[in-house]
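Chains as they are written, first to last, in numbering that gives the first Met the number 0: chain A, 0 to 281; chain B, 0 to 429.
Any given hint could turn out to be false.
[Unchecked claim] Listed next, the stretches of chain A that the computed footprint assigns to chain B, with coverage defined by at least 3 CB atoms under 8 Å from CB atoms of chain B:
hint : region
1    : 44-52
2    : 59-73
3    : 106-118
4    : 121-131
5    : 175-186
What the hints contain is simulated information worked out from the structure, not anything from laboratory work. All residues carry an ideal CB built from backbone N, CA and C; glycine is no exception.
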Amino acid sequence: MAKSTELVRQPETIYIKPSTGLTALNLSDLWVYRELVYFMIWRDIKVRYKQTFLGAAWAVIQPVLTMLVFNFIFGTIAKVPTDGIPYPIFSYTALLPWGLFVAALNNASRSLTSNTSMVTKIYFPRLVLPLASVLGGLVDFAIAFLILIAMMIYYKVTPTLAIWTLPLLILLTVVAASGVALWLAAINVQYRDVNYVLPFLTQFWLFLTPVAYSAKVISDKWQIVYSLNPMAGVVNGFRWALLGTDTGPNLYMAVSVGISLIFLITGLFYFRSMERTFADTI
Amino acid sequence: MATAIRVEHLSKRYRIGATQTKFRYGMLREVLVDVAMTPVRAFKAITGRGMRGANSVTNIWALNDVSFDVQEGTVLGIIGRNGAGKSTLLKVLSRVTEPTKGLVTVRGRVGSLLEVGTGFHPELTGRENIYLNGAVLGMKRSETERKFDEIVAFSEVEQFIDTPVKRYSSGMYLRLAFAVAAHLEPEILVVDEVLAVGDAEFQKKCLGKMGDVAQQGRTVLFVSHNMSAILRLTQEAILIEKGRLVKRAPTQEAVDYYLSAGHSEAGERIWDADEIPVNTAPFTPISLRVKDRRGKVVDTIRSTEPSTLEFEYKLSAPTTGLRVGFYLSTMRGEYVLTSFDTDEPVQFEKFGSRTAGHYISRCTIPADMFNEGRYALGVNASSFGVRRYFMDENALAFNVDISGAPGTHWPEQRAGPIRPRLEWKIEKVE
């Protein structure tokens, strides 16, 4: 409509209009703003342990303390079966992806509401905020992973060849976390109840995930229902890849992967369709 | 010249009432209660009991069928009262919020400055915040790197660039924030009132920078309540009133029209409920009047007689530290004076704390004060250093007639906004 032929250099044309129906994901826009994702991750990491005495050690202290408590209750007192693996390393291996998942939910669900001024004053793909929160957890994950390596040396656990699948399993954790986090973040813009629901949600979810116990205690009949929890597949995968348990990829893990993808895709569309009102409702 | 921005029939609706009680600050519980109460309410509505309209949805058209074009390289001013829809327009143009109807075609990258320092983190250093804020505003990292020294120099905080910004004074913080924003180089720049920050010296520098941007042939949309800034930076302006575009004209004409328009009851301004921002509580403005010596509401005062300015308002709760006062400025936007009802310490002791109720703050303008012309009267109610409850810098306009004033036997225009009757003594030396 503009006389573009008059221009030597043609700047891009943007159309601003009410969106109707199912909003396109427009992931290319997210790509344009990839540097912002990087900077938001960087900001979160820089700020996370500012003015704390122990600093980044907290990334290690949290899972280690949880592991010690679990070890006392489930390992020493309840003596849950662990497929012959020492209980501390058995639970710590699961606590790593679980910690990544929980941190992602906590940070991402607040990512929009704690950056209100950005949401109401500046244009950028809103997906940047929850995405950066989820990815920012990978740094803590990496730090906590060092302890696992030390434990593997101490308990003389040799990783299996399946260790090459570890990046894929981490990716699966990120996908599962992002899917749930997108739903929570978008709902939280309108209903701050999410902040109150989340502690319960993660607590119940922990019970439904084989972190403190082995997934084998679930009877076969219920395995398929149990694997609807994407984190069940993740934890089984981690133990398989790192400790050599026989909980490797099977039908149940395929279910977990499928569920994760469903969460991610529906989460993306829900988030995008709510995005248009974020600035008005936040 | 090509069109940089084409706005066609743009409308934006906000739902208030139900939105505010049910959704905006919504809690699920309230929705559940509301759902449970629905049959009760329906019953009440049928039987005619209960508060009518208490729960109804009200639609506010913050923008209503606005259309205009902006040519490339134009600096367009946007003026209008508080709540007229200026900020909503900028928000739609910068894609922060979606329009309800209409279409905007924008050619080029839009940089928006609706606020400075968005995304700044207090724990990070000045240096880190420059990079972060640059990314937030859509600058590439390489671009920020290239302009880094320039930004630091502009902000005048070189010494503290590696100090966390939470240790900065508010002035330093704003200077740094503006410096980053000012070095954005989009084809189209959208600016909202950000110049109203910092000290006078820095404001001048900001205005200078804005002028440079305009010189480079980029398209700028500029919202401000500062009429002299608008007059200085823009050649053309649009006036928005209650969501509608009511005038587009060369800036001086638009400003004159704005400052004198909409006061059909000459010499008096009465605030409608929808003209008052939501967060003024406990203060509610009612009316503002200019009266002559005999107490008659007038549009034109005589400079040779004293006149009275009256501001009527309500306080819904006891308020401490309150001051209510006037701004007076010329049609060119230059301030002539600012005065508050509790400027005298004795008055402040007596009326600094006011109980809830209905008040009038009244002051007398002495005779022989103003030069001839038209003046804008603004109002302000605030607690110093605590909160500004209400402000309208262009609440009312009035004329000054100088017949009989000193020097009127020479038919000439005298420069300057004041025309006091000074005591002259003429002495023959020697």
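Hint by hint, here is what the structure shows:
no.	hint	in the structure
1	44-52	holds (count 4)
2	59-73	violated (count 0)
3	106-118	holds (count 4)
4	121-131	holds (count 3)
5	175-186	violated (count 0)
Hints 2, 5, counting from the list given before, are not met by this structure.
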